[in-house]
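J.: Listed below, chain by chain, are the residues.
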Amino acid sequence: MKRYVLRRVAAFAVTLLFVSALVFVVVRVLPGDPAALILGTEQNPETVARLRRSLGLDRPLVVQYVEWLSGAVRGDLGTSIQYDVPVGRLIVSRLPVTLPLTLLAGALMVAVALPLGVYAATRYRRTADYVAMIVSQLGIAVPSFWSGLLLILFFSVHLGWFRSGGFEGWSAGLWPGVRSLLLPAVALGFFQAAVLVRATRSAVLEVMREDFVRTARAKGLPERRVITLHTLRNALIPIITVVGLQLGQLMAGSIVLESVFALPGLGRLALVAINARDLPVVQGVTLFVAASIVSINFAVDLAYAFVDPRIKYDA
Amino acid sequence: MRRTVVLLVIASVALGIAGFAAAQAPRALVVQTGTEPPGLDLTATPASATAGVVLYNIQECLVKVDAHGKIVPWLAERWHTSDNRNYTFFLKKGVRFHNGRELKAADVKFVIERAMNPETKHPYPQYYAAIGDIIVKDDYTITFSLKSPTANFLLNLARQGSVIYPREAVETLKSAPVGTGPFTLGEWVRGDRIVLKRNPDYHVKGLPKLEQVTYRFIPDPNAALAALKAGDIDASLFGLGPEHVADLKKDGRFDVTIGETTNDVILAMNNSRKPFSDVRVRRAVTYAINKPDVVKLAMFGLGRVIGSNVDPLNPYFVDLAGAMPYDPARAKKLLAEAGYPNGFEAVLKVAPQYYYTVRSGEVIVDQLAKVGVKVRIEQIEWGQWLSRVWKEADYDLTIIGHAEAWDIANYANPKYYFRYDSAKFQELFQKSEVTLDDKARREQYVQMQKMLVDDAPAVFLFIHPRLVVAKKGVTGFWKDLPIPSSDLSEVGWSAAK
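Here the protein sequences come in this chain order: E and R. Number 312 in the numbering used here belongs to position 312 of the first sequence; there are no gaps in the numbering. Number 781 in the numbering used here belongs to position 466 of the second sequence; there are no gaps in the numbering.
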């Protein structure tokens, strides 16, 4: 196990190095110069050249990358061109929005999808199964920004239960914070749940055809125990894999939803930074998101061993 | 007896509170804005999002462009010039920066010299190029001597790059600007909001009317509309589109104000590239476009049709909207004369960051197809637009709004992305820069506007409207926008909310 973890940590570092180099090159090769964007339509070649020099953009790409990398290794991701604030501090300041939003959406997703998927599997090819599949098909088809707007229209404009957007901060208390994040979490989580419903259903269906399930039933075990203890437990591996992948999707989905709900999260930070070519922020956020997704995948791999004792790393 | 006294005290306190609550109108305002400022330093960014928050609210200039576009004394209570070369400004006494220190003539000298210094990366060094010497006569008197007479000198001192700040606060301009304005910066929660607080020592008595202004950044227009309807914001200054106006006008909770701006939306043609290098083709394109239809279909009827560069808020504006009316037959004839009887193909590059560019583009593509000009729309991101279209002039056609006031100079610059190169126009413009007689200068401006109609370097489409939507009871917004500022000093709630 120890060797496995070490191997994964090494792979983690290599992945991040690759991602950082890729992002570094891509954002610089793309047309659109940060200095030109700052000066907009008021620029002239001299002012642009001066600004490029002061931003350090006139130096060779390799020099810039090595400098940035050596800073990043020491935890210094540079300073935002746009906000004039250290990138690390900027990312940390956005986590209290994005992290709870992703977790809340993930929890909603699992809470809806797991029971619905199992229920659909037990009612295979019956009305309830078809209804569950149609609902999940709708969920896959509806884009989350649109469902987000519908939720705002109904719950904020008509009923007045929630704020239409924005984030007061956790300092205002737990409930005001949750209240700001609930609608976007629903828009994000419920609609991601659609995919998980399908994955759960097919995984459970597959296990239900196994001999040991038939044996359990033959022993006279109640159906509920057959489903929860014998079937679901064994179907968890593919389900956890999908959940892991979807947590990454949720982070990506938050880019759009944070704009719709005007939330000061990581996704909105990334979007604004890309539009303004705030290179240090684009690099910092990408690195952070990549690290998070690789970590989630790592956690999923480790979870396999706990869920299924037959899986042993370093066997 | 004691009980009676206690009861009386409680009753009077309760009545007092009730009376106070009834008489007091709200003193705070939440406004929506679509774009978060990219830093708050007006001496480092030309962004209108920054000017919208900082200019005339946090920082002010020696002179000010008022709501009607007139230049009025401000931090300088008056000025004097006898030869149009030496301008002496007399500063208002007792004006304090937000840090408590009094504004002195030495601050003005420091600020303008810093703007002129090429090392400081000021976005508008050209505004100060004519200044030769700045002489501080005493704490409240300062003289600018110009190398040559400059007609727009006073205007340039009222613009966003000329804000006055204390020299000791120069390091924090980007994140915590200090000035003399009616509001001080309360907090800036990056990505969410900027809060301005009332400046209790403001040099204009009775202003500002509000205790606090919160700018909330809501980029999505539909989300902004929802926030307005849900009561989460009190007003929207820049965020809503013309498509929302009809609905909001019917809603009794809101007041909708539609005004003029200096933002002229144009279809620019690359004058250096075939076939647009031929003036007949440029005229043909102009005749082929039905501008009132563009405004009707792309802007829901909001926006004033124009015929030349100068906007209606400019004192030298001449209405030339009808100078080249929609005439497809004439367009076809001109195209045939230019050697394109069957039209030609072209690409229209637009940046969807500005919604009106794509919408107008779609209408125009359809109109040009009717005279045989087949245009394909290519949507590119703003950063790419700036580098490919604006910087390198790698384009056939593009649509964009030029928000700056007094920007006719762009047509006198042959390197500007239109690549319009007319020696006659350039000469006329240079003359207008040094002509100080108002009547003579007006005549030059009229001539320049007419030349732009004839030479058709671009199709001048319409003026983008100013749209302010606010809850009923909020008063004091500028109706028109002669300068990209949103001066909130006179905004307040009327007593009956």
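I should point out that these hints are in silico values taken from the structure, not numbers from a laboratory. Being a predicted model, the structure only gives us computed values, none of them experimental. Beta carbons are placed, not taken as given, at the ideal position from N, Cα and C, and that holds for glycine. Hints may contain errors.
[Unchecked claim] Reference listing, derived: stretches of chain R covered by chain E, where coverage requires no fewer than 3 residues with Cβ under 8 Å from a Cβ of chain E:
id : region
1  : 349-362
2  : 654-664
3  : 702-713
4  : 793-806
[Stated by the list, open to error] The following residues of chain R were derived to be distant from chain E, with all beta-carbon distances above 12 Å:
id : residue
5  : Val345
6  : Glu428
7  : Pro433
8  : Tyr439
9  : Thr487
10 : Lys489
11 : Val519
12 : Thr529
13 : Asp547
14 : Ile548
15 : Val594
16 : Arg595
17 : Val620
18 : Ala644
[Unchecked claim] Beyond 12 Å from chain E on every Cβ pair, some chain R residues (computed):
id : residue
19 : Gln441
20 : Ile450
21 : Leu469
22 : Leu488
23 : Ala545
24 : Lys648
J.: Does each hint fit the structure? Answer for all of them.
T.: Hints versus structure:
no., hint, in the structure
1, 349-362, "holds (count 7)"
2, 654-664, "violated (count 0)"
3, 702-713, "holds (count 4)"
4, 793-806, "violated (count 0)"
5, Val345, "violated (9 Å)"
6, Glu428, "holds (17 Å)"
7, Pro433, "violated (7 Å)"
8, Tyr439, "violated (6 Å)"
9, Thr487, "violated (9 Å)"
10, Lys489, "violated (4 Å)"
11, Val519, "holds (30 Å)"
12, Thr529, "violated (10 Å)"
13, Asp547, "violated (5 Å)"
14, Ile548, "violated (8 Å)"
15, Val594, "holds (25 Å)"
16, Arg595, "holds (29 Å)"
17, Val620, "holds (23 Å)"
18, Ala644, "holds (36 Å)"
19, Gln441, "violated (8 Å)"
20, Ile450, "holds (28 Å)"
21, Leu469, "holds (20 Å)"
22, Leu488, "violated (10 Å)"
23, Ala545, "violated (4 Å)"
24, Lys648, "holds (35 Å)"
The structure does not agree with the numbered hints 2, 4, 5, 7, 8, 9, 10, 12, 13, 14, 19, 22, 23 stated previously, though it agrees with the rest.
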